[in-house]
Amino acid sequence: MVPVSSTVRLADPGATRAARLGYPRGAVLRWCLPAVGAGRIAWLRVLIYLVVAVKLEWISNTTGHGTTPQLFDPVVPVEVLGLPAPTVLFLRVLRILLIAGALVGVTGRFPRLAGWPVAVMFLLWDLYEMSYGKVDHDEFAMIVALFLLPTLGRVRFRDTRPTEAAGFAVRGIQVAVVCTYFLAAYAKIRFGTWNWPNGALFVWALSRRGYPWSRPLMNVPGLLHASQWLLITLETLSPIMLFVGRRLAALAACGWLLFHLMTYATIGIHFLPTAVCLFAFLPLEEIPARLTRRRAARASVPA
Amino acid sequence: MVRLGIAGAVLGALLYGTVLGQDRDFPFGPMVQYAFYVNPNGEIDDTYLLARTAMGVQLRVDPTVDTIGVNRAQIEGQLGDFRSDPVLLARIAAAHTQRRPGEPRWTWLSLRQHVHVLHRGRIVRTDERTIATWSR
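If you read the sequences in order, they're chains A and B.
Just so you know, we're using the working numbering here: the first sequence kicks off at 54 and counts up by one.
Just so you know, we're using the working numbering here: the second sequence kicks off at 59 and counts up by one.
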């Protein structure tokens, strides 16, 4: 088989369809189904299913909720579906099935057979987790990603052929990530008023969750004030990531990853389910070809 | 077209929840993480739980789902319930006994808050407040 170089222009079914539709419908379709190599889905499956397994094994303690049914305060979908308060046994079985399904998902084999049950079970797990008085808001992108990953069959890591299915799945995950940030800015104004950036939210967070090395930041309220303005500005501008070139979008995604690393280091909040979905902005499918080229370049250097 | 239709429906639900919904509309509720305003000349409440064993040993509880079946944020989300019905603390004690059978049982629980008073964004003093107390 002839190796496919990333510099070769591959047939792009999305571009063909968009050209037939003409402007503006073609441009909209092109945006919804970008030219993304199918291999990116293979990489995202490894990352996202791994995070599901890690979250269920080490982070999410929903099983313990089975011991406090009196504190069960169901979210709307749980109420509408008429689901009862979960028992410890039910949550334990659900957790084991989820971890097993996620580990199968990591292998990339049986992407639909494992992927669809994992998506449904994870949503159920999350609905229960959020039904005890506290809702986490870093889950939306992960839930969307889990329902998009099984929309493709098996794909290879080095597959740079653009397909409409891969483009749709990647774009869907990207939009879900941007929604998390942009709509968070809207929520700050809706619930915190236009005065939110001038409040003491970061002081609040550090006083309750700060570490010994991060609490001293409370002595610099001016820095925290400026950081609040910076955060809401970046959240408001986040949709730009969906319309700039690949390199700028990847750079922005790396910026958000650094932001999450910083919040984890200062107040212990990792936002991992959203953070892992940021990798949908990175050209992961080009990694194998770049590694191959680097190895070939090193091998050709005379000793 | 089916895919785009489903995507449109999901986005529509999310936008509805963002503009008009509440937390309970998860996963389509508003993204309210740290969305509330903290008055830089107001107060910050830091909720904690104290327990006393049958031997009279008092300890500060690490509120996690592993130890007591709920975490601190979830307790804070239901502070009003604890205030109006302190017997709910008995459920937490029972959950601790079930999840940590090898540890001494709790015979007294007190849900309290450190109240940090702010002036121009800086903490200038800390008061104490009791939300609810229960004893066996």
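One should not assume that every hint holds.
Below 20 Å or equal to it, Euclidean Cα-Cα: the simulated EDC-like pairs (lysine to aspartate or glutamate) are [what the hints assert, rightly or not]: (1) A:K187 - B:D185; (2) A:K187 - B:D103; (3) A:K187 - B:D83; (4) A:K187 - B:E134; (5) A:K187 - B:E186; (6) A:K187 - A:D126; (7) A:K187 - B:E161; (8) A:K187 - B:D81; (9) A:K187 - A:E132; (10) A:K187 - B:D104.
Sample of chain B residues lacking proximity to chain A, with all beta carbon distances greater than 12 Å (derived) [what the hints assert, rightly or not]: (11) T76; (12) R130; (13) W166.
Read the hints as simulated data drawn from the structure, not as lab findings.
Cβ atoms here follow ideal geometry from the backbone N, Cα and C, with glycine treated the same way.
K187 (chain A) and D81 (chain B): Cα distance at most 20 Å? Judged against 20 Å, a Cα distance of about 8 Å means the pair holds.
Are K187 (chain A) and E132 (chain A) close enough, with their CA atoms no more than 20 Å apart? Distance of about 16 Å is within 20 Å: holds.
Given the hinted pair K187 (chain A) and D104 (chain B), is their Cα-Cα distance within 20 Å? Satisfied, since the Cα-Cα distance of roughly 16 Å is no more than 20 Å.
For the pair we were handed, K187 (chain A) and E134 (chain B), check the Cα-Cα distance against 20 Å. holds, 8 Å
Pair hint K187 (chain A) and D126 (chain A), alpha-carbon separation not exceeding 20 Å: holds, 9 Å
Checking the smallest CB distance to chain A, is R130 (chain B) really beyond 12 Å? Not fine: 9 Å to the nearest Cβ puts R130 (chain B) too close to chain A.
If you draw a straight line from the CA of K187 (chain A) to the CA of E161 (chain B), is it 20 Å or shorter? This hinted pair is violated, its Cα atoms lying about 27 Å apart.
Check the hint pairing K187 (chain A) with D185 (chain B) against an upper bound of 20 Å on the C-alpha distance. Since the Cα atoms of K187 (chain A) and D185 (chain B) sit roughly 26 Å apart, the hinted pair is violated (cutoff 20 Å).
Mind verifying the non-interface call on W166 (chain B)? Its CB should be farther than 12 Å from each CB in chain A. holds, 19 Å
For the pair supplied as a hint, K187 (chain A) and D103 (chain B), is the alpha-carbon distance within the 20 Å limit? At roughly 17 Å apart (the allowed maximum being 20 Å), D103 (chain B) and K187 (chain A) satisfy the hint.
Hinted pair K187 (chain A) and D83 (chain B), Cα distance within 20 Å: holds, 12 Å
Please settle this one: T76 (chain B) was flagged as non-interface, so is its CB more than 12 Å from every CB on chain A? T76 (chain B) not clear of chain A: closest Cβ-Cβ about 5 Å, inside 12 Å.
In this structure, the earlier hints numbered 1, 5, 7, 11, 12 are contradicted, and the remaining ones agree with it.
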